[in-house]
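Its first residue numbered 424, the sequence shown is counted upward by one per residue in this note's numbering.
Worth flagging that the hints you see were computed from the coordinates, not collected in a lab.
Among the clues, some could well be false.
Below 25 Å or equal to it, Euclidean Cα-Cα: the simulated SDA-like pairs (lysine to any residue) are [claimed, not checked]:
| hint | residue 1 | residue 2 |
| --- | --- | --- |
| 1 | Lys-490 | Lys-516 |
| 2 | Lys-516 | Ala-504 |
| 3 | Lys-490 | Gln-448 |
The structure displayed is predicted, hence computed values, not measured ones.
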Amino acid sequence: MIPLPILIIEGNHNLRNLLAWHLQQVGYSVDQAANIAEAREKFYARQPTLAIVDSDLADGDGIELTKWLQHQQTLVFILSARTSEADIVRGLKAGADDYLTKPFGMQEFLARVEALLRRCRTVAAPAVLEYGDLKIDLIQRRVHWRRQLVDLTPQEFSLVYVLAQAGGTPLSRADLLRRAWPEAIDNPRTIDTHILSLRKKVETDPRQPNLIQTVRNVGYRLNWELLSDGAGVQRGDRTPQVQQERPYYWNGRERTRVNSI
């Protein structure tokens, strides 16, 4: 079995190393980050199944980071010196799946990690959405176009997913930015750069795009007529084929999709 990846985001160097060592001893694959900036970099490099988050980080609030991680569909386990009921409730409402106050026993910590990750081991087979010749694997975060795996960045994957979910309806740059990366503060015009990169990867001639179309004075859309020519999408139907009928479970709740990936 492939070890489930865990990202530890903890400002205390000694505690971070100690947690990593114990997790590795029981078979987990562990990455470490000391702050929010490093955490985002590590996240995009290797999207973890579980993030262990210190509530107080040098460059920002761990609770705010929790909200961002929750949008990415990552399990979040908060470790905090804040012990009041109000602080615990705030962390859980931000999207944390568990909250443990410091100091804590290592055996309790490991047991809580195991309980969280046990849910992932019972997840159904990866959900693959099919829009004609476009296939989107929500768990592996992979896209196939005309049976070819497309090498996408996490940002590009999010854009493809959001465009596909729109079912051919044009979306503005601001809408794409908001749906693909809810926590981003980028200028909506950065969408143009990502779209250009996407077109180079999926279009026969990026200068005359056929799949990802520009709608003047609006934004971008997928060519639903092109996708409708393939199996799995009927004209006028925005519902993809799903390779498995059972829902998958994440964070202890039944989910079939999220608003952002």
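Review point. When the hints from earlier in the document are held up against this structure, which numbers fail?
Key: 3
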